[in-house]
Structures are given as structure tokens and as C-alpha cells.
Amino acid sequence: MPDINVKPVSESGIEMKADGTTIIFSGSINHPRPQMFMEPFIEDVHNSIVDNKIKEVDLDITDLRFLNSSGIREIVDWVLKMSKLPEDSKYKINFVCSREHKWQESSISTLIYLNQNYTNKVMKD
Amino acid sequence: MENSAMLNINKSSQAESDYLDVAFLRNWKTIPLAMDFFKDFTQSRMETCGDTHKIGIAVSELLENAVKYSFKPGIRIKLDKKESDNTIKLKVYNFATEKHAKRLITRVKELNESDSLTFYLERMRESVKNKEESAGLGLARVYHETEAKISVRYFRLKKLVEVSATITLQNEED
Chain A
31 MPDINVKPVS ESGIEMKADG TTIIFSGSIN HPRPQMFMEP FIEDVHNSIV
81 DNKIKEVDLD ITDLRFLNSS GIREIVDWVL KMSKLPEDSK YKINFVCSRE
131 HKWQESSIST LIYLNQNYTN KVMKD
Chain B
1411 MENSAMLNIN KSSQAESDYL DVAFLRNWKT IPLAMDFFKD FTQSRMETCG
1461 DTHKIGIAVS ELLENAVKYS FKPGIRIKLD KKESDNTIKL KVYNFATEKH
1511 AKRLITRVKE LNESDSLTFY LERMRESVKN KEESAGLGLA RVYHETEAKI
1561 SVRYFRLKKL VEVSATITLQ NEED
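As you go down the protein sequences, you meet chains A and B in turn. Each step along the first sequence adds one to the number in my numbering, with nothing skipped, and position 93 is 123. Each step along the second sequence adds one to the number in my numbering, with nothing skipped, and position 143 is 1553.
So here's chain A without its partners, still in its complex pose:
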């Protein structure tokens, strides 16, 4: 299976990278304008997934301590962008969450309402 090819990003205490078909966010996103670094990274991820015809990816946020609403907006943008693709190009996004960071339960539960057919939440201890 092809991998997601993107350059890792390390910015303001946040790490974003891809490993195989898993995208990993770690640190804490409470930057006033996270779109400055999240938007280009997510754009590259999305393009790589589409170009490589990948059908399912994991977004591992188990080590993401916090995500502010400006960061949530970038994830919303990604989910809606994926949702606008033609049916045969759409891919599934699994949000891999940690029970340790309790905000993830409520925030991700809401996000998956945006596209319940193509998003999923997986809780890990």
C-alpha cells in the first residue's frame, strides 16, 4: 500500500508528520493562527492521499494535549474537502484518540457528525 508523502512540520510546540497511512499530531495546538502551518500540511496530506488513491487513513492525536477552535477549524476544512471529492476518490479518516485527554472525546465526537460515512472515532487507553 502506498504511503502518505509529506514533509513533517514542527512549529510552536506542535509536531505533525505521516508514518505510512497514519498522520500523527502531537503537542498542544493553542496558537492564535494555526492555519499558517496546519493548512499547508493538511493540504499536502490530502493531495498525497488522493494522488496515491489511498482509501483509509488514521489521524493519531493520542499525544495531542489540546486543540483550540482555530485548530478544529482546520480539521473541519479537511473533512469537508474530502467530502466534496467524487465518490470514488473519497477516503475514510479514522480519528485515533486517547482517553487520557478528555477533550478529545467531545471534540472528535462532534467532528464526525460532519461526515458520518467517511469519519470514525477510535478511543485508545
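These aren't lab readings, by the way, just hints derived from the structure by calculation. C-beta: ideal position from N, C-alpha, C; glycine also. Any given hint could turn out to be false.
Derived Cβ-Cβ restraints for the label pairs, each shown as a range [stated by the list, open to error]: (1) B:E1542 with A:N145: 23 to 29 Å; (2) A:K83 with B:T1578: 45 to 51 Å; (3) B:K1519 with A:K37: 43 to 49 Å; (4) B:E1457 with A:D81: 20 to 26 Å.
Start from chain A and add chain B according to the hints.
Same frame as chain A, but now just chain B:
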């Protein structure tokens, strides 16, 4: 000077209530510190509650709005916890123009008349249309994810806006 943080902390442990009162200038970097501090304070007072993360979410989002929209330095956040129940009242103050305050009052009215999930999803969709403009996503998040009762007041003479969020935490066995 404007960007240097200054914390004034008053903590009182009275029979009927506990409170924190923190003031700082207008520094984004203070927000995560305040978020952790208020969350830890709540956790220490309400050990049986498993959802004190809600205080962290509310403090972060309300302070982000205050820092973003205040037209001059001077942000204040107060937490009031009554001994008798699991209710926390947060109040955040910042300087705001009348125009901004009116928009905020309208938004809070809309929010209080809506189903929280529907409103939050609407704000999410709206927020990506123009990322330079506020879509009220932070307030919608607090309303839905913390189940807060939100209200807003504007003190015209002082040009001060007060956003209040009342959050009831749950005991873990509930």
C-alpha cells in the same frame, strides 16, 4: 509592555465558595498557562468529578476571544465555585467596542435559542468559508462541549464586555 503577562491571583477559601480572580494584560502565551491553572484548581476542589477538562476548554476559548477582540490591554477572568454543588461560574472581562459587543450579544442570543449540536455544526461549516472572519466557533464549542449556560453583558461607559459561562460538572459515579 503590552505583551508582557502579569498575573494577579486572589484565592479565597470561604465556607460558601472558592474563587480565583486572575488579571493579565493581553498576551496569547498566558492562555495555556491559565487553562492548566484553572483546570488544576477545579480538579483539586472537585476530585470526584471526571469532567474538569470542560473548565480547560471554556477558559481557553473565552480567553482567546478576549485577547483577540480586546482593543486595549487588560483581561480578567474569575472562577466562582459554590461549596453546595458542582457548579462553576466563569466570567471573562475585556475591553470591547460597542459594535463588537452588539455582535457578541446577538451571537449569544442565537446560541441560546439553538440546539447546541446543530449550532456548533453550523458554526463549523461557516468557519471554513472565510478564515479571516470570526464564525463564533469558540463560543459554540463551549456551549456544546461543556453544556455551559452562556450570557453576555456590556458596560457601555467602561467599554467592558463580560462573558459568563456556568458549567455543572458531573460526579464520576453519576
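Structure-based check of all given hints:
Look at B:E1542 against A:N145: about 25 Å separates their beta carbons, and that is inside 23 to 29 Å. Between A:K83 and B:T1578, the C-beta spacing of about 48 Å keeps the proposed range 45 to 51 Å intact. Restraint check, B:K1519 to A:K37: a C-beta distance of roughly 45 Å satisfies the suggested window 43 to 49 Å. Checked against the hint of 20 to 26 Å, the C-beta distance between B:E1457 and A:D81 comes to roughly 51 Å, which is inconsistent with it.
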